[in-house]
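Chains as they are written, first to last, in the working numbering: chain A, -6 to 353; chain B, -6 to 353; chain C, -6 to 353; chain D, -6 to 353.
Treat the hints loosely; a few may be bogus.
The list treats identical chains as interchangeable, and a pair is accepted whether it falls inside one copy or across any two copies.
[Claimed, not checked] Heads up, simulated DSS-like pairs for lysine-lysine below, C-alpha to C-alpha not over 27 Å straight-line:
#1 K92 to K251
#2 K86 to K208
#3 K106 to K264
#4 K349 to K264
#5 K208 to K349
#6 K92 to K264
#7 K251 to K183
#8 K208 to K106
#9 K36 to K140
#10 K140 to K349
#11 K36 to K81
#12 K140 to K251
#13 K349 to K92
#14 K264 to K310
#15 K208 to K310
#16 K264 to K163
#17 K36 to K264
#18 K140 to K167
#19 K264 to K183
#20 K183 to K349
#21 K106 to K349
#22 K208 to K140
#23 K251 to K349
#24 K183 to K106
#25 K140 to K81
#26 K251 to K193
#27 K106 to K140
#28 K264 to K86
Simulated from the structure, these hints should not be mistaken for laboratory data.
4 protein chains.
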Amino acid sequence: MAGNTFGSLLRLTTFGESHGAAIGGILEGFPAGLEVDFSLIEKDMARRRPGQSSISTPRSEADQVEFLSGIFEGRSLGTPIAFLIRNKDTRSKDYDALKEVYRPSHADFSWEKKFGHRDHRGGGRSSARETAARVAGGALAKMLLAKYQVEILAWVSAVGPVEAMVDFNKVDEKQVEANVVRCPDAAAAKRMIDYIEQLKAEGDSTGGVITCLIKGIPAGLGEPVFDKLQADLAKAMLSINAVKGFDYGSGFAAAAMKGSEHNDAFATDEKEQVVTLTNRSGGIQGGISNGQPIYFRVAFKPVATIGSAQQTVNRDKENVTLEAKGRHDPCVVPRAVPIVEAMAALTLADHLLRNKTARL
Amino acid sequence: MAGNTFGSLLRLTTFGESHGAAIGGILEGFPAGLEVDFSLIEKDMARRRPGQSSISTPRSEADQVEFLSGIFEGRSLGTPIAFLIRNKDTRSKDYDALKEVYRPSHADFSWEKKFGHRDHRGGGRSSARETAARVAGGALAKMLLAKYQVEILAWVSAVGPVEAMVDFNKVDEKQVEANVVRCPDAAAAKRMIDYIEQLKAEGDSTGGVITCLIKGIPAGLGEPVFDKLQADLAKAMLSINAVKGFDYGSGFAAAAMKGSEHNDAFATDEKEQVVTLTNRSGGIQGGISNGQPIYFRVAFKPVATIGSAQQTVNRDKENVTLEAKGRHDPCVVPRAVPIVEAMAALTLADHLLRNKTARL
Amino acid sequence: MAGNTFGSLLRLTTFGESHGAAIGGILEGFPAGLEVDFSLIEKDMARRRPGQSSISTPRSEADQVEFLSGIFEGRSLGTPIAFLIRNKDTRSKDYDALKEVYRPSHADFSWEKKFGHRDHRGGGRSSARETAARVAGGALAKMLLAKYQVEILAWVSAVGPVEAMVDFNKVDEKQVEANVVRCPDAAAAKRMIDYIEQLKAEGDSTGGVITCLIKGIPAGLGEPVFDKLQADLAKAMLSINAVKGFDYGSGFAAAAMKGSEHNDAFATDEKEQVVTLTNRSGGIQGGISNGQPIYFRVAFKPVATIGSAQQTVNRDKENVTLEAKGRHDPCVVPRAVPIVEAMAALTLADHLLRNKTARL
Amino acid sequence: MAGNTFGSLLRLTTFGESHGAAIGGILEGFPAGLEVDFSLIEKDMARRRPGQSSISTPRSEADQVEFLSGIFEGRSLGTPIAFLIRNKDTRSKDYDALKEVYRPSHADFSWEKKFGHRDHRGGGRSSARETAARVAGGALAKMLLAKYQVEILAWVSAVGPVEAMVDFNKVDEKQVEANVVRCPDAAAAKRMIDYIEQLKAEGDSTGGVITCLIKGIPAGLGEPVFDKLQADLAKAMLSINAVKGFDYGSGFAAAAMKGSEHNDAFATDEKEQVVTLTNRSGGIQGGISNGQPIYFRVAFKPVATIGSAQQTVNRDKENVTLEAKGRHDPCVVPRAVPIVEAMAALTLADHLLRNKTARL
């Protein structure tokens, strides 16, 4: 169980090292007969792509997805959908000096302890480049969800100390994509961009928070005990590089609340549907969706690669001073928005399929 | 994939409804030859047991674990370890009135939407009573970890607005077990108990936070991509009833930090071991343990069952007023401490076994 | 992956040693809302039960199945169905002499090599007693299949050198159950019984063959590549104790045939359904059912425990002479008929559920 | 669970349609640090390759394997090893006439019933072309097994009515590869080749049998209950296109034997190792290897595509006469030898890894 596969019925297996021949994946369990919208895949790939704006890494990858199987005459076959993305703009030489050095707060040391042998170039498989395959797979999952009127929308809700104010009932994709930092609160977005530009100039980096909102999810998704919907979402998010925390609905704030102020009263709406009057449950009760919007937050740490000199050790346990040369983002969260959406889509589409056998 | 199994190589499958004949589980993949310390299982069962103190539910279950297989002459056989716990103090009559009613912030509505048919008595399988099987399985996982000098310690770090101050280098089990709220900060513990007693008197409930610390974990545990150690821990924790959030190491606070202040510098210690001088990484880098202590926080919402009258609807979509009669905890976190430890133990023991095939 | 679980969506996990406290299992993924026919479970348990006739072992187990969870008010809940069967008539003393001895063609030696520590009494977990849990789980799978008009019927088609002649179009359960050897060819059945009685008197044993026929299976079950329907059936059958071979449709005989004589021509029947005019394909093409009856054969070796003295070695590698004392069947195939049916039912019910997500 | 993955710890996932862009696979769980012998992969690919001799299909694919990830500086990284094989010599036009026609004893009808939408060209994913990916993955598994001195050798033991006589103690790869039919009995090989040439001239095809022998396997591999070594081997073999049966050790012949003549007596050899004096058990007892050679037979049906005209129906349920035009083998077994070896290697390498956690 080497951990390269996500999902139960809809399964994405990814492969690839950052500076190897290619990265890619296989999406299994995707139902037959769905028309594939390639432009949607391209759109999400472009949102994750390095070099997309002044506040992202100058590394520039076209990230063209080549599909190898599973699609015929524009529709899914029900067989594995394999795809690859060639690695092109790899300046592996930049990493020669790092072959023997453990970069602070990177995976170099722990991976070497695990495997003994590792591809040090660009972080190898520990690089967030692997997430490009998730975005491609997630775009397919979104198409499946769209058939059931499920919509997923994520945005940047905090960058460093700057926090956004967003009305969940009004936010839409256009607002999110209106600026390079992907924050629908235009005023906050401006402050975030300024803050990132400043850190970039200082050779420093910052963390941030992404909020994700899912609408249209039918009641009944999620499994009772270990595979609660929030448990699988938490795993999905914590599997993304640099993520440090996850909470949903009332989240960490719930710990300080009383039951009498936290409970969501049930009522019926004008369509005679059972709804909740508030939504501190975040659309999930007992691990299973209740039909209300699902929402959650994902916290990202600051990018570990920074411009200033850092103390560390090498494989021979000698003290060395590290001065980074690779090309990196001062803040990863704007590019992580489609990754969060992709992992949410894969999780929900999987549970949508799983739910098909819950009852006779 | 009905979600009743946790783990890859060490697999716990649980069964049982709160007021059915029994709950229990099967632990598969437990290596042969390990001497079983039954007193350790009993100790953890007692820590989770209802009715253990003035601040927990008066429901009283002896929670005697009967082992059915997998152990012979006191040692594990390498075959499935099956066990059951009979349900005894079930006042199912208390729930007759609830058969048709959806309790606010409970699983009644979403489960009925999923399965059509449900056991309403005591919440059926959505009841936290299921976690008794996790504690039994987790105690066995702890025994396996102890063979590798791994220790797991959790405690209550917040109850409602009351937060504890704990020195991670000094905290021990004795301090945690010194009071009924399981908070090693004695002064905070007193305030927590007072707060819970007050809410109990008011018929209200509160949330809280549990912190978990894991020492002695070898470097190299965790899998690179989707099954990062933090991802599996996050899933483990979010699968526990009432949990709303998880973060590890620097956690949500990392989002506001700069890379220059967040990075953990590598150095060598007096034993010529590679260590980090700080531990904002929380013992995990790139999804894999680096040998430093692992720590994380788990946020719990307030218990949904409260004494005051609440508005809700029934199966016929009629508005009804609910006045709860079941016996419940005003605050679940003290009893959840062994559950958090159990899930952490199952996660780590699984990864310990998984790591045995990482390299030649 | 300790191998105690069978199935993907409908999953049976079994536990228990032959002379331990109990054997049993958990059936996961069984859809909610199905009415459980307990008499059908009892009937199949009685067909597998030791001591049922003059040609089976005198060991007598009531094999009462106790259900612990997953069923409420007579219908399935969609939650795990756990059950156990207490071990009662265990004369463990009979096995004291065998603690250190490796019985020829038994699992004693290979299991000790694997696990180091083993329960020698009655073969421990390597005993065919474990299959009682499969029969209980299989009976539930049969109920699910019955909802889709799928019928499974197995019978003894050979015992030692005696072979039966059976018309697949006419055979029914009544014919199979008309005699203790479970062979629908009454004349062959008589010769089989005589042969088994003779071997019993000689303290010897014999092998045999079971044929299984499945009618009413819809077209489309089975997965394309590794989980072809015949592949999962083969695994199911070879996982039964004492089974040495499996073939389906034309089977081993196909190896000597020409394509021109083997191919099944397609045609349409009077209901305008596409059918095959012959059925050498055994109801499966390209790993997927085509709507025709599925049939296969399962070969069993002779029971390893025999009355005559045998040469072997013990744990200290000393030569010893073994004279068996346990109570065993001279021929296992009559009692194995419900086991073959149970494993076929579990396989097909699993694929029936799996097929629900094959297309939009 | 779409069935495109084989194995538990060592997992091969394959993708690709016969006339799509490429076929290939991802091998997960391969331990880090193993030196990859690419010539061994090429050798096995050449043995499976179409167009390799006068008795195989004239379709000619170079079958060049391109590795995309998981190997760095010639050694495995412990990360997924992804590879692809471009489809080149695809005369898809040959299949235009078949788009609407169900070829007898092919997968066209059952796949269409399952998926609704299918790639009819060259059989799409139901084509045995998919097995090229298994041979590539199997070659890697062989390298891992070689580190443990495990050797796998398969050969053709029957073609139509012609059967070979082979001494298991003397057979070697050189004898197998000495002729195009891969039969180590030179006299039988000649008759087999003559028989195939004759059928080819007649536009007909034939079935055959492959025998596989595995030496050097350590005692203790295989899991007790459902994942018995023979069960996983049976599944592996029945997952190969055109396979109709599997038996191991004494196989189907065991059904006619007495226990007194079937049992394998234990003894000690000159090295003080526990051995069996005979090996009707086929190297496996109670599902677990006992250190003796493992051997089994695999029966193949005759190739379904033949030159003579056949009656069938099309999608509109009209009767049509089919005259095949594709390029196919008159007998598939010589080319299936490396496929049988590959699936055996994947099965055993997986169990070798699984066994690493059987005991403390």
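Results for each hint:
no.: 1; hint: K92 to K251; verdict: between (53 Å within a copy, 26 Å between copies)
no.: 2; hint: K86 to K208; verdict: neither (46 Å within a copy, 38 Å between copies)
no.: 3; hint: K106 to K264; verdict: between (59 Å within a copy, 17 Å between copies)
no.: 4; hint: K349 to K264; verdict: within (25 Å within a copy, 30 Å between copies)
no.: 5; hint: K208 to K349; verdict: both (20 Å within a copy, 25 Å between copies)
no.: 6; hint: K92 to K264; verdict: between (63 Å within a copy, 24 Å between copies)
no.: 7; hint: K251 to K183; verdict: between (37 Å within a copy, 19 Å between copies)
no.: 8; hint: K208 to K106; verdict: between (43 Å within a copy, 18 Å between copies)
no.: 9; hint: K36 to K140; verdict: within (19 Å within a copy, 46 Å between copies)
no.: 10; hint: K140 to K349; verdict: both (15 Å within a copy, 17 Å between copies)
no.: 11; hint: K36 to K81; verdict: within (20 Å within a copy, 31 Å between copies)
no.: 12; hint: K140 to K251; verdict: neither (39 Å within a copy, 42 Å between copies)
no.: 13; hint: K349 to K92; verdict: between (49 Å within a copy, 25 Å between copies)
no.: 14; hint: K264 to K310; verdict: between (68 Å within a copy, 11 Å between copies)
no.: 15; hint: K208 to K310; verdict: between (52 Å within a copy, 23 Å between copies)
no.: 16; hint: K264 to K163; verdict: within (21 Å within a copy, 56 Å between copies)
no.: 17; hint: K36 to K264; verdict: neither (36 Å within a copy, 49 Å between copies)
no.: 18; hint: K140 to K167; verdict: within (21 Å within a copy, 49 Å between copies)
no.: 19; hint: K264 to K183; verdict: neither (41 Å within a copy, 50 Å between copies)
no.: 20; hint: K183 to K349; verdict: neither (45 Å within a copy, 49 Å between copies)
no.: 21; hint: K106 to K349; verdict: between (42 Å within a copy, 13 Å between copies)
no.: 22; hint: K208 to K140; verdict: within (13 Å within a copy, 35 Å between copies)
no.: 23; hint: K251 to K349; verdict: neither (37 Å within a copy, 43 Å between copies)
no.: 24; hint: K183 to K106; verdict: neither (43 Å within a copy, 44 Å between copies)
no.: 25; hint: K140 to K81; verdict: neither (35 Å within a copy, 36 Å between copies)
no.: 26; hint: K251 to K193; verdict: between (43 Å within a copy, 11 Å between copies)
no.: 27; hint: K106 to K140; verdict: between (45 Å within a copy, 20 Å between copies)
no.: 28; hint: K264 to K86; verdict: neither (63 Å within a copy, 34 Å between copies)
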